[in-house]
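Participant: Between the sequences and the hints, there should be enough to build the whole structure, so can you do that?
For the record, the sequence lines run as chains A and B.
Residues 1 to 240 in our numbering are what the first sequence spells out, letter by letter.
Residues 1001 to 1682 in our numbering are what the second sequence spells out, letter by letter.
Quick caveat, the hints were computed from the structure, so don't treat them as lab data.
Beta carbons: idealized from backbone N, C-alpha and C, even for Gly.
Mixed in with the good hints there might be a few duds.
Selected chain B positions facing chain A (Cβ under 7 Å, derived; list incomplete) [to be verified]:
#1 VAL1006
#2 GLY1209
#3 THR1216
#4 ALA1217
#5 PRO1218
Distance ranges between label pairs, derived from CB positions [stated by the list, open to error]:
#6 A/THR55 x B/ALA1562: 27 to 33 Å
#7 A/LEU70 x B/ARG1020: 41 to 47 Å
#8 B/VAL1035 x A/GLN128: 33 to 39 Å
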Amino acid sequence: MIEFHELTKTYGPIHAVEGLSFRVAPGEVYALLGPNGAGKTTALRCLATLLSPTTGAVYVDGADVRERPLEVRSKIGFLAASMGLYERLTPVELLFYFGRLQGLEGPELERRVSDLVEVFGIAAFRDQRCGTLSTGQGQRVSVARAVVHDPPALVLDEPTMGLDVLSGQVIYRFIEGERERGKAILFSTHHMTEVELLADHVGVLSEGRLVAEGTPPTLLEMTGERNLTRAFLALVSDRS
Amino acid sequence: MRMAWVVFRKELRETLRDRRTLLMMVVVPVLLYPVLLVATEQLALVGLRQLEAESATVGIAGSGSVDILSFLEGREGLTVLDVLDPVDAIRADSVQAVVVLGPRPIAGATQSATVLYDAADERSRGARNVLTDALRAWERDLLAERLAERGLPLSFATPLVLADSSVARAEELGGYTLGRFLPMLLILMTLLGTFYPAIDLAAGEKERGTLETLLTAPVPAWQIVVGKFLAVALIGVVAAALNLASMLLTFQTGLFQFGGTLDIEFALPFGALLIIFVTLIPLSLLFASLFLGIAVRSRSFKEAQTALTPLYLAVMMPALLPAFPGIDFTVALAAVPVAGVGLFFRELMAGSPPVTPAIVAVVTTALWAAAALAFASASFGREEVLFGDGDARVRASGSLLQRLRGMAGPSGDTPRVGQAVGLIAVVGALFFYVGFPLQARLGESGLFLSEWLLLFLPVLALIWWARLNVGVTLSLRRPRLRHVFAALLVIAGAAPVGWFLAWAQGFVLPVPWELLEGLDELITADSPSRLLWLLVLFALTPAICEEVVFRGVLLAGTRGRASMLRVATLNAVVFGAFHISFESAFRFLPTAWLGFLLAWVVMSTGSIWVGMLMHFANNGSIVLIASVPALRAWFETAGDAPPWILLPPAVLSIFLGLRLLAPLRASAEAPDARLEQPQESG
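Facilitator: Laid out in structure tokens, this is it:
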């Protein structure tokens, strides 16, 4: 469903991402791990058609991000690292807006918005302006916004950043549910608990390169460590 | 366009929930504006009445007629004091004005008197008026007395009573008065109405991180821009319309009293109002797209405000034009952005505007708006505009010099448009603030230093700073013999045609003969060594220093982004404008003409050397003509008008030169041929 093929993205002399290749199959959750500045956000932005690859390619369901960007955008639900909410709109207005931009309308859109309001527990603050929401409420709205068109692939850049345990649980449950529905899910994170809970596959990025890839048990085996945090530190410190 | 409509509705809804926009759009015009207007007027009236009610304390000095003193003392509203030093008395505020009487005249002769006052003091000015009125009254009484003594009627001394009266109706006078200031206010209000929403919808959205989210929706960037742009433009139009309505209502409700006292009616016919409203639409579209295009390049609301402020001030200048007397609504001015619409409004308010300039003003504003929209649309789709901090790590590392270079952004062979335009702005400012004073102080040496230090050096600095390829940027390609021959043919024809252009321009723009005579003296050599120096100063130096700026960096930054004709025209306009100073607007057309041909030839050959050769030949020939007596004599006998016989061979020469260059153009533009060292043609 999602495929990175030798993706390289440079800014002048800096290689933000270099020769990145991996795949995320339908029904699979792939966690992209890496320290700050490792290139996770750049890679996800290339996938979301916000950045153009310098070399290499990224495909979503066979569509090249460079050649068919609009098709790619309709097939992914992208959650940026920043919440990206319009402060003067209510959550429901926001969901309707992005639903229309995704081509939904009429009863279909109303039904979808109604479902998302229920799934993400938005009903209590549905008519409040987004600017007045707490971080947890805002993030739930943000994820709902990303999936308003029910895309086959989800791209989530640090989806639980700044959330408390309860708000985080809502997101985890949603990701698990979407996996069961056959969605390909790629997310970046710093939280090892998230990786242990959700990820089928893990890719570790360091200085723009994929330094290790595999299932969580494979990574433990590869590094000889007892938990993922230590395995991650071993992989990243090897590079530096 | 469906998605543009979706974006438009959302932007409008969100913007109307913004307090800043509502404040600018509704509160200012509907409430604050009339209140301020009326309050200011009332304060002014109160002050005026208070001044009128106050008794003026005036002084009297000198040894004039005692009658005047007693007359003034008996005058109501005047308190008269004797003063010894009138100036000190006024400055010490012990009196507000003083009448200094001349020597006492013999009977029947004239008494001289001077009224001293402080022009910077409102009370003193008022006292001057009261005192002058009193002295005039004394003069009238005395005249009447003298005429009566001789048995003559008062009309004897007043053979003519002159009065004037305007035939303009009150509403016409109102229209004329409104036309002086209302266009500027309308433009300003449209501008303010679009300013904040444009920043909020572009830079604000970027700052809040919503633009990244929006651009992952399957909607082409241009539809997003159109949606935003229509919302901003609508807000601008509504803000301006509310202002217009509010101001006219304020005048018409009778709250504003100045008009009544002057017999002016501040009203506009419905038709004129409708046309003004319709014309505000393209103007608002222009502001909306221009502001959006620039604001989206900023990282935050604050940065966008800073970036747009110079533009805001630049727009104010043409908006002020309608207020100046003697500015006619011509077709040429109608095509100037903002100024055209402002002048159209003025004519519309004063009566019937001329049709052709009115159409030109509306159509060109719409065209400017379309161009600005294309600019804004291109900005939204570019990743360096959206994520301009992508190379932050490059900028944050290294020495100060390296960091300075990092600020130039990703490097390429040639400068970006912004870098080329930035260089022109920098050298323009340097020439204005440093070059002109240097030339005024040091004369010829100042000119020499200005060219090398303020033109040539900045080009080298830019090439280093932006890590440009010097060969490609400056087109340092060795020319073929055929290039050289073609360039000489072109310039041989260009000089006489330039002469014709300057002559023809003289019918529109007066030629400053005094300046030309001074220039003539400057470029005339009286010895071989002087001739050599003049050739170095006026021909060789500009041929190198000006060419690297205009046919080097400017051309490298713009070529390939538009057709050759457009790029050469832009180059010509900038080159012509650069040679304009306060006294030498007449140089624009001939210089622009030269600039056009130079740009064309350099683009055709890919070699700046031929441009330098042409520039040298053009300027050198002028020095030679002025300095070689035989040549000078021939040109002087030609008179003011150039000899028509020169025109056909000149045009033919240009034509042949350009024909010779034509087959080379394709190869000169091919990337792999940019720096190739061509074989000499045999």
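Participant: Now, for every hint given, state plainly whether the structure supports it.
Facilitator: Right, here's what the structure says about each hint:
no.	hint	in the structure
1	VAL1006	5 Å, holds
2	GLY1209	3 Å, holds
3	THR1216	4 Å, holds
4	ALA1217	4 Å, holds
5	PRO1218	4 Å, holds
6	A/THR55 x B/ALA1562: 27 to 33 Å	29 Å, holds
7	A/LEU70 x B/ARG1020: 41 to 47 Å	34 Å, violated
8	B/VAL1035 x A/GLN128: 33 to 39 Å	35 Å, holds
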